[in-house]
Amino acid sequence: MTGRRLPAVAATLAMTLFFGGRVARRASSAVDPNKSPVATTGAATRGDDAPSPLPAGSLYDLGLRVVGTDGRARALDDLRGHPVLASMFFASCPTACPLLINDLQRLEAALPADLRDQVRVLLVSFDPKRDSPAVLEAVVGQHGLDNRRWRVAAAESEDGARLLAAVLGIRYRAAAWGMFDHTVRVAVLDGAGRIQARSGDVMALAPALRAAAATRN
Amino acid sequence: MGRALITALVFFIAVAGAWRPALGRAGIRPEPAALPGGRYQAVTARKEAPAVTVAPYRLDRQPVTNAAFLAFIREDSAWRRDRVTALAADGGYLAAWSEPLALGPNAAPRAPVVGVSWFAARAYCAARGGRLPTEAEWELAAAASPRERDGRRDPAWRQTVLDWYARPNPATLPDVGRGRPNVWGLSDLHGLVWEWVNDFGASILVGDEARLCGGGANGAIDPLDYPAFLRAAFRSSLEGRTTTPNLGFRCAYDGGGS
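Respectively, the protein sequence lines represent chains P and S. Reading the first sequence from the start, the letters are residues 1 to 217 in our numbering. Reading the second sequence from the start, the letters are residues 1 to 258 in our numbering.
These are calculated hints, taken from the structure and not from any lab test. Heads up, the beta-carbon is just placed ideally off N, CA and C, and yes, glycines get one too. Careful: at least some of the hints might be erroneous.
Short, incomplete list of chain P residues facing chain S, as computed with Cβ under 7 Å [unchecked claim]:
{"#": "1", "residue": "Gly57"}
{"#": "2", "residue": "Ala175"}
{"#": "3", "residue": "Ala176"}
{"#": "4", "residue": "Arg210"}
Take the sequences, apply the hints, and build the full model.
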């Protein structure tokens, strides 16, 4: 338990020491990282079986599972150590979601090659009922997404989708004819899964992404 | 004379019987109320949006109190205000308490806990075998007046509810359970604090954000249900980490129960 959290604690301290919170303050609606190191000390004293989401402020501690194009439900843990662009969408979305994917591709293309290799893109559907592995696979094919770097998946449950949306600051609701009303927002996660910045303007996230890459797990 | 006395006695017993579950006994949490569910459509939904079917569920009769939340934090110290992460709660988290583990003069033990984030409220309900109610569950419960399952067409009841929204917050919140219970035996859905729902993120007012997939104008279902509009507007302003001095919660449980 404690061992698993050590990297997160170290990353938190490193972020604070090296960046002094500058990264997050610069980005729009970022989470204040200065308060977080205090919080990680709580992890040591709390009961082992007590339910505590976000003990170290990491997306990877939420117990979230997503179903990817291979049809298997998996945790997001394998993204640890990578700077991640994370957002949500639904596959039958006519306009905003294709635009979102285009913007993410544009941001990727603008990155230097070594950083692009490190970055992972996580796109989670909040429509698990319709967005089967086959539907998600079609999205990947349609946009020519690189499966090594892009993780297109659906939330395992509706509650899981709500939880992820709350963390990423995304709002959505079911509308008529299988559509959803939703806001578009992308978050940058550091190697420990901590949100460094969130914005609806994808290209504006490049500096935060570079900073997140500088702090590995 | 004798008949009047008997009538008064019967009335007293009936009223006392109705109140007993709401009050509960010292140290014992009252059983949540069982509700049948039904059909629900948000006031801010577009006209063509499908109504939601709500299965039978149970709901706490009162908002969660400071004392109950303090007991939870003693079990799970990650939710102490000096330890909670910035992602899980903003700076107003449990700000009315005098210490991380002490309520103090501004937070009476039986007053509703406020200044709690959605993440904290979820964690509390999960630890008690429940969850936060959905907006549909909360609104269906709140539609009831003391006399009717759906009191929203009753102008007098509607005015009572509206009056609360017009009143400023008191400096310190009164105890839970003082409000008259509705037909389900639920108190304080109106008149004490705002309450979290699990899908607060489904409240979207068009014009909030520039890039809405779909967009278009909202066709309001019932423009007269103004309090519901107020609540939708309030929810649309929340984030998971938001806390306010008048936002509390109660828990829901699956199934109708006994």
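When the hints from earlier in the document are held up against this structure, which numbers fail? Of the numbered hints, just 4 does not hold.
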